[in-house]
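Undergrad: If you want the building blocks of each chain, they are given just below.
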Amino acid sequence: MRYLGQKLAFYAVACWAALTLNFLIPRLMPGNPVDLMLSKLATRGPVTPTTRAAIEAMLGTESNVSLWRQYLTYLQQLGSGELGTSIAYFPTPVSTVIGQTLPWTVGLIGLAAVMSFVIGVLLGRAAGWRRGSWVDNLIPFTTMLQSVPYFWLALLLLFLLGSTWPVFPLSGGYDVYSVSPGFSLAFFQSVLYHGALPALTIVLSSIGGWMLGMRNMMVSTLSEDYILTAEAKGLTPRRIRSRYAARNAVLPSISGFAISLGFVVAGSIVTEAVFSYPGIGSALLLAVGNNDYALMQGVFLIITLAVLGANLLVDLLYGVIDPRTRARS
Amino acid sequence: MAITTSTSQLPTDAVRRRRILPPMTLKLGIGLALTGLITLFGLIGPLLVGDPSAVRDLGLTPPGNGFILGTTQTGQDVFAQLAHATRGSLTIGVVVGAITLVLSAFFGVVGAFVGGWVDEAFSLFTNVMLVIPGLPLVIVISSYVPNKSVWLVAVVLAITSWAGSARVLRGFTLSVRSRDYVLASRVSGERRWRILLVEILPNLIPLLASQVVFAVIFAILGEAGLSFLGLGASGSFTWGTMLFYAQNGLSLRLGAWWWFVPPGLAIALFGAALSLINFSIDEIINPKLRSQTRADRKRWGMTREQLKHAREETA
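One line per chain: the protein sequences are A and B, in this order. Counting with the UniProt record's numbering, you get residues 1 to 329 for the letters of the first sequence. Counting with the UniProt record's numbering, you get residues 1 to 315 for the letters of the second sequence.
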């Protein structure tokens with residue numbers, strides 16, 4: 001219970017830090033984003049007072065209101081879910097844009113990250129169990145893949161499997177001409193078909209880290225005395241491998257998975273840019289390109305909160321599978 | 001007494017030196033050779049090639065014909081660009097690596113060494129920085145600043161990437177701090193800064209080295225991603241900006257592989273070379289990775305034929 005309380009307290013602090021960072025960045029940077037945004041909005045149509053208030057609360061005002069009061073207004077606006085109006089997708093509210101793009105990113109990145117983790121850990125287990133086997137010799141190769149930039153791998157795959165041998169589509173999240181979004185088989189097939197190449201990119205470039213980490217932990221664990229004892233007792237190698245060695249060796253990988261989520265999200269923003277995937281990364285880039293600060297801040301906030309939430313989930317799971325964390329705290 | 005200590009000093013020094021320098025293996029050799037070649041290319045290359053931005057009416061020439069790596073859409077020499085980009089990317093990597101080293105050593109090592117509420121505060125700060133995703137933050141910050149210098153990009157990248165190494169360093173410092181010899185030196189009245197610099201820091205050197213190598217890889221990848229999105233330093237030449245222009249110049253659709261393959265390959269090779277060096281450092285930090293593997297132990301056993309021979313000989 002104490003473990004749970006500590007974790008929740010930490011994430012509350014982290015969440016507050018993220019909100020405050022989001023509040024401070026536009027105010028500390030040179031230039032006046034509010035005027036820029038409002039003048040851009042005014043060219044598209046009338047600006048309502050609520051929109052104005054939301055943008056000022058998010059990006060800061062030149063008026064004489066103290067920073068502290070601005071901060072309180074900002075938190076209030078966030079509490080009511082008001083993030084302002086997007087310029088790039090005028091006149092859609094920022095919250096709607098995020099609501100539409102987030103499922104694509106969560107689906108693509110979530111699935112790809114979990115797939116890469118599971119495959120990587122299984123391969124790492126095999127490599128650590130039989131050092132010097134062909135699986136173990138894959139490691140330098142997968143590490144090489146890991147130092148390949150996400151977006152360059154995406155470009156290469158797109159060039160080879162999209163242009164040269166047109167096996168996969170070049171861009172988009174689904175076939176906009178022939179299927180419409182909804183719960184139909186055709187739509188799901190189209191989504192899977194379009195998501196395959198981006199997912200492959202993410203899996204290929206992140207699998208090496210899991211494999212190497214798991215393999216190294218496996219090697220360390222296998223030299224422990226209790227493994228020798230288990231061998232001496234005559235347990236089957238399979239039991240030793242999965243119940244004795246892998247069960248303990250996987251723990252650092254799981255806590256590493258939480259930390260890596262931030263990096264995976266970062267990499268996927270760039271990947272989405274290459275594939276023109278309709279996810280939140282593309283929305284962020286569009287916002288940056290159009291000086292759409294309201295959308296940009298909103299997207300940054302959502303990405304940060306999502307990563308924090310995922311971290312919290314992994315931490316709670318970690319508490320369940322590793323009893324020592326609960327006992328220590 | 002004095003004589004014995006002075007003679008026993010020599011072998012321990014030699015042992016220590018051997019422990020700090022990694023053993024020369026094939027992995028380390030390849031890693032060092034590649035890193036050296038690429039660094040040399042970045043240092044000397046820009047002096048030997050022509051102007052990387054010079055425009056010619058030789059759009060998209062394939063490699064050969066006077067241009068080692070062909071030309072871009074506007075007839076710029078890809079090889080000359082690659083030389084300048086190598087220098088730019090390596091500069092970013094080195095600068096970020098240095099700043100990261102200072103920040104992570106300060107928050108990780110000093111926090112863990114001082115202990116108490118300082119450690120609590122530093123550790124909380126580190127963990128918060130760790131869970132806030134770096135690249136989105138960099139994108140947001142850099143989109144507010146219209147004209148960015150290389151230094152600004154480097155500082156922003158460093159600020160968002162030091163937390164991971166600080167956490168690793170903190171864990172290791174905590175374990176070193178509570179070892180008996182540190183307690184002994186504390187009891188014998190050594191000053192605190194001396195304990196930190198002379199007793200603890202040498203043990204951290206391999207770990208610091210591997211963290212710096214990671215930071216350099218991370219910085220080069222991060223800068224490449226940022227430049228690829230068009231958010232890098234203005235007017236700079238890096239592997240990322242080359243890829244940005246290649247993507248925008250439709251090199252993919254036009255099949256101009258000599259334009260977008262070299263910069264990416266350079267990043268990949270450099271990253272792989274640094275990883276290879278890191279493997280060797282890892283084997284110092286964690287000797288279990290190196291010494292007698294299960295495969296080795298299996299080899300100690302005798303094959304059936306050998307057993308038969310042995311039995312015949314003893315019989």
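Because the hints were derived from the structure by calculation, they are not lab data. Just so it is clear, the structure is predicted and the values come from calculations on it, not from any experiment. Each hint should be verified, as a subset may be incorrect.
Stated by the list, open to error - Pulled a few chain B residues facing chain A out of the computed Cβ check, cut under 7 Å:
1) 45
2) 135
3) 201
4) 264
5) 275
Using N, Cα and C, we set each Cβ at its ideal position, and we do this for glycine too.
Undergrad: Against this structure, judge whether each hint is valid.
TA: Cross-check of the supplied hints:
no.: 1; hint: 45; verdict: 21 Å, violated
no.: 2; hint: 135; verdict: 3 Å, holds
no.: 3; hint: 201; verdict: 25 Å, violated
no.: 4; hint: 264; verdict: 3 Å, holds
no.: 5; hint: 275; verdict: 5 Å, holds
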